[in-house]
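Novice: Chains as they are written, first to last, in our numbering: chain A, 1 to 601; chain B, 1 to 601.
Among the clues, some could well be false.
A pair counts as met if it fits within one copy or between any two copies, since identical chains are not told apart.
Below, simulated DSS-like cross-link-like pairs (lysine-lysine); rule was C-alpha separation at most 30 Å, straight line [what the hints assert, rightly or not]:
(1) LYS470 / LYS384
(2) LYS321 / LYS408
(3) LYS62 / LYS470
(4) LYS513 / LYS328
(5) LYS328 / LYS587
(6) LYS224 / LYS321
(7) LYS245 / LYS470
(8) LYS513 / LYS497
(9) LYS497 / LYS328
(10) LYS513 / LYS321
(11) LYS224 / LYS384
(12) LYS328 / LYS224
(13) LYS79 / LYS62
(14) LYS587 / LYS408
(15) LYS245 / LYS513
(16) LYS408 / LYS62
(17) LYS587 / LYS497
(18) LYS328 / LYS546
To be clear, the hints were calculated from the coordinates, so they are not data collected in a lab.
Number of protein chains: 2
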Amino acid sequence: MANLLVPRDELEFQLFQNLDLDSVLQRPYFSDHDRGSIAAILDTAEQIAEEQFLPHNAEADKNEPVFDGQKVSMMDEVKIAFDTYREAGFIAGRYSFEDGGMQLPETVMTACASYFMAANPSSTAYPFLTAAAANVICHFAGDELKHRYMPRMLTGEFTGTMALTEPHAGSSLADIRTSATPQDDGTYRLKGSKIYISGGEHELSSNIIHLVLAKIPGGPAGVKGISLFIVPKYRLTEDEQIGAKNDVTLAGLIHKMGYRGTTSTALTFGENDDCHGYLVGEPHQGLRYMFMMMNEARIGVGFGAAMIGYRGYRYSLEYAKDRVQGRKPPHTGPADPAVPIIEHGDVRRMLLAQKAYTEGGMALCFYGAKLVDDLTSMEEGADKTATAELLDLLTPVCKAWPSEFGPKANDLAIQVLGGAGYTREYPVEQCWRDNRLNPIHEGTNGIQALDLMTRKLWQNQQQGLRAFQKVLQQDLAQATLPRSAALVAQLHPYLGKLEQIIGHIGQSLQSEKQSALLSDAQCFMNIFSSVVMSWMWIRQATAAEKQMSELDTDNPKYHFYAGKLHAADYYLRWELPLIERDFALLKALDDTCDSMQAEWF
Amino acid sequence: MANLLVPRDELEFQLFQNLDLDSVLQRPYFSDHDRGSIAAILDTAEQIAEEQFLPHNAEADKNEPVFDGQKVSMMDEVKIAFDTYREAGFIAGRYSFEDGGMQLPETVMTACASYFMAANPSSTAYPFLTAAAANVICHFAGDELKHRYMPRMLTGEFTGTMALTEPHAGSSLADIRTSATPQDDGTYRLKGSKIYISGGEHELSSNIIHLVLAKIPGGPAGVKGISLFIVPKYRLTEDEQIGAKNDVTLAGLIHKMGYRGTTSTALTFGENDDCHGYLVGEPHQGLRYMFMMMNEARIGVGFGAAMIGYRGYRYSLEYAKDRVQGRKPPHTGPADPAVPIIEHGDVRRMLLAQKAYTEGGMALCFYGAKLVDDLTSMEEGADKTATAELLDLLTPVCKAWPSEFGPKANDLAIQVLGGAGYTREYPVEQCWRDNRLNPIHEGTNGIQALDLMTRKLWQNQQQGLRAFQKVLQQDLAQATLPRSAALVAQLHPYLGKLEQIIGHIGQSLQSEKQSALLSDAQCFMNIFSSVVMSWMWIRQATAAEKQMSELDTDNPKYHFYAGKLHAADYYLRWELPLIERDFALLKALDDTCDSMQAEWF
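From just these sequences and the hints, can you work out the full model?
Specialist: See below:
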């Protein structure tokens, strides 16, 4: 089979035609980079992903990490991949030169991530989690802590985790019980249990830096009393050497249905009352710090979901071109030749849906990454504020939509392969199992829908919504060529309805209808994300149609752009209209779910 | 956790209130049975399922059958379960007294199957496949063959398989290459390869009877040249003893993502040119014979999908009642008590959807089984013909709808459990993996959509459609109480549209628009199956509302019926309206999928 990662054409389209990365590169912060240097970085990422990550993806699924009571061991290939990645400097890629990084745009880091996520999401998790944890330390830790830990995380000498969830509390962080008791020397002693900590134990690095949410006794109740701590697996000595083992115990490994190469752990802190922790930033600000990281992690989750979906799409596409089976009407006689299954209309439907879901999710997360780049490189002012609000508004969509539709794409890939897709002899079932995590972690998609409808839509006098409406209208105005303009005409009626339904929600949110409204939150997520995805597809169609008009129809680039336009047609014709249902339910403040009683089930 | 199989209330509702099994029992063929004897049979089935099938379901998933080059071995528990099942006489349950069976209605056998499919679909496959294969022999084999094989299959001394699929041909049976060369003694020698043969090798029985599709050289091309053969693993001697090993070789076991306890095999027939086979019925009639069995197998697949979905639903329901997490607005302060997650609107939505999908699928397949009972017990005539046509029309829906929505229910069960649902420490992920087979086997759901739209809708001057319209109108006329009548009012506009769209399809099917139409076949399946499922929910609501009116609201039976009405509301309000999209696409004969070119992907 052909290279199953991401064709460079696709990445270049996303970066330079759909997003205009060139203009980002002209800003002072990114001015050390140009198309040439970025191509070289993408080459490196592609090569490492293909050579070090892809080959053991299926093997690591079959040979999970094991814990013998002392040590967690896993396939050697995982460490080789991790070391190759860190030695290439990718963990620090997005960090400033000052912090020892490459000062790369987030869009470019996202393009690099596309290779790793498609090649091997499990092994990719270790460096990605490390970069994310280092990011929190970079932004919020005091200088001393930052200098002790961050540089060694950015080189991958140390790895990082995020330890939020507790067994009894799940998504409800207000109820965590892990305590952090202050000591005379300014450090804390932690005590409590955490669960589902990815990368919580392994031998890939000389130390593991856990970022732990805990409560300082006597602090405010609920989420306002949560603080954030650095809790290393090994304490550092005064001269920065690896010192005594800290009191962090692996209670056990969790056995997931997918993502099996990444250890998922239950950790106990302070079993022997000697778990040292160091406060990050101010007391009781832990949730705010963690959310800053979580917002970017959420875009990362969405992007990963799109890419695992994309891997399955590419595989099922190649399979459908190769596999000869059945005949196409009207030539269905036994003497007529059998055709590749891609000739069957329903197979094309399943491939087109996969294309729309995964390239759409990719475009959305690239757009989110571009907003991050804008925030990094823009000057302070109203535009930057609006950009930040827009990013906040889009974040739940970036997390939830691709993580809903990426697994759907994987499901369709299985179906395209038929019986073969159901077997472990083919890779698409693993894609589905891996991807099934994404609608759950970093805030379940149910929580994303509530976050969008009750919070992000309204925050800071709806500045996010207004910024969204502005950029949307600007983009729609660009869609002047005939097929793109036809897409805008299809979207148009839904925009007025969206505005009306937001007004309706605003009136109901604080009324006695609140409970019914909340039970319909998924309807609003469906509506808003479908409009956002239509916008994303219109942007891609507009870029494609412009390029296409100058090409011969037998030029492979023409084919690429024709595919983009066709996938946009598919999305607007086949997917967008489904939200009529959601408008009707929300308009009626349908209470079917809300009024169902527990004992009636 | 409580009994995770099927509450008896549910089965009794389906059999006696939704279906009026009593009237079936009054027919002469079934008159040896009554409510008391049926309750005793259900008790036996429930007990065997709970004691012999459920306990090793997860273990058999973790410990797949292995082939050491000589023999396939599997957990001892599988054979114990199989033997208990066969000794209780269940394989022969549906067969006539004359054939050594219990002459039980198919509806009752389906109710028994509900326990086994929910408890352990993998171990259940062995006796179910045997019963299905015996059924073909019963109907189509000559007396000699029938007497040699069927009785020993009905006791489970021998097991059975269906060997249709070949590696190169997949769903395209016209292209199979296995040959059957006639010998002077009237037997045949088979040569060829088959794949995905469930139960194709094991040590559960003293012999395995393969039903093999093959072509007699010189016969017609394509599907018209397919014949059906009995090919035993061991030949029988003249005095009916197990004789020489036949030339059937296990080429290998296939490693599926789920249903791991059932061996899936690649078999080679006639590697040494000595594979003896015996013609079933007439030459070149094999596909017709096999389809007769496949139609019932398709209802079985749909029912199994509903039941695996149901198991996940019940588990996630208990979990949602037990698991305390988060607060419900407006009581969201840290001092407010946390609530069981079933109190959250979005969790209720996910549970209600599961209930609608799985109890709906169950009701549909019970309805199909009731039609089978009618065919078995009715006198010849126009009514019986209409019943046969109705069953034919509904069969693709019975297969495709539950196998589409059963896995969706399992997906929602995972989501209700959150992180826990993603782990193998909880059973819901296995349910999803097991269930993922069902949209694929016994004719993929894409094939079901084509079968429905291009064949079943039109066969025999649309007698099936007319029978459907007649019973539908009769049932809707029964829905006179207010909530049931409101459901009818919601369905009503779609009935006219359905009729129009069928006319539209009829005009396009033989036109130059055929190719576009075929690529939209899934849209028609969505429309027709949604109308059918609305009908099924209106039937259940009508039955429930009648019972409910006489009960106090704190009576547990009232709760049961209130749940039925609520699930019907959910289906008609949340699911049915989605087909507006499909009407629009079909009306336009949308060619998005058809006009997409392979090279544009």
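Novice: Flag every earlier hint the structure violates by its number, smallest first.
Specialist: 3, 7, 15, 18
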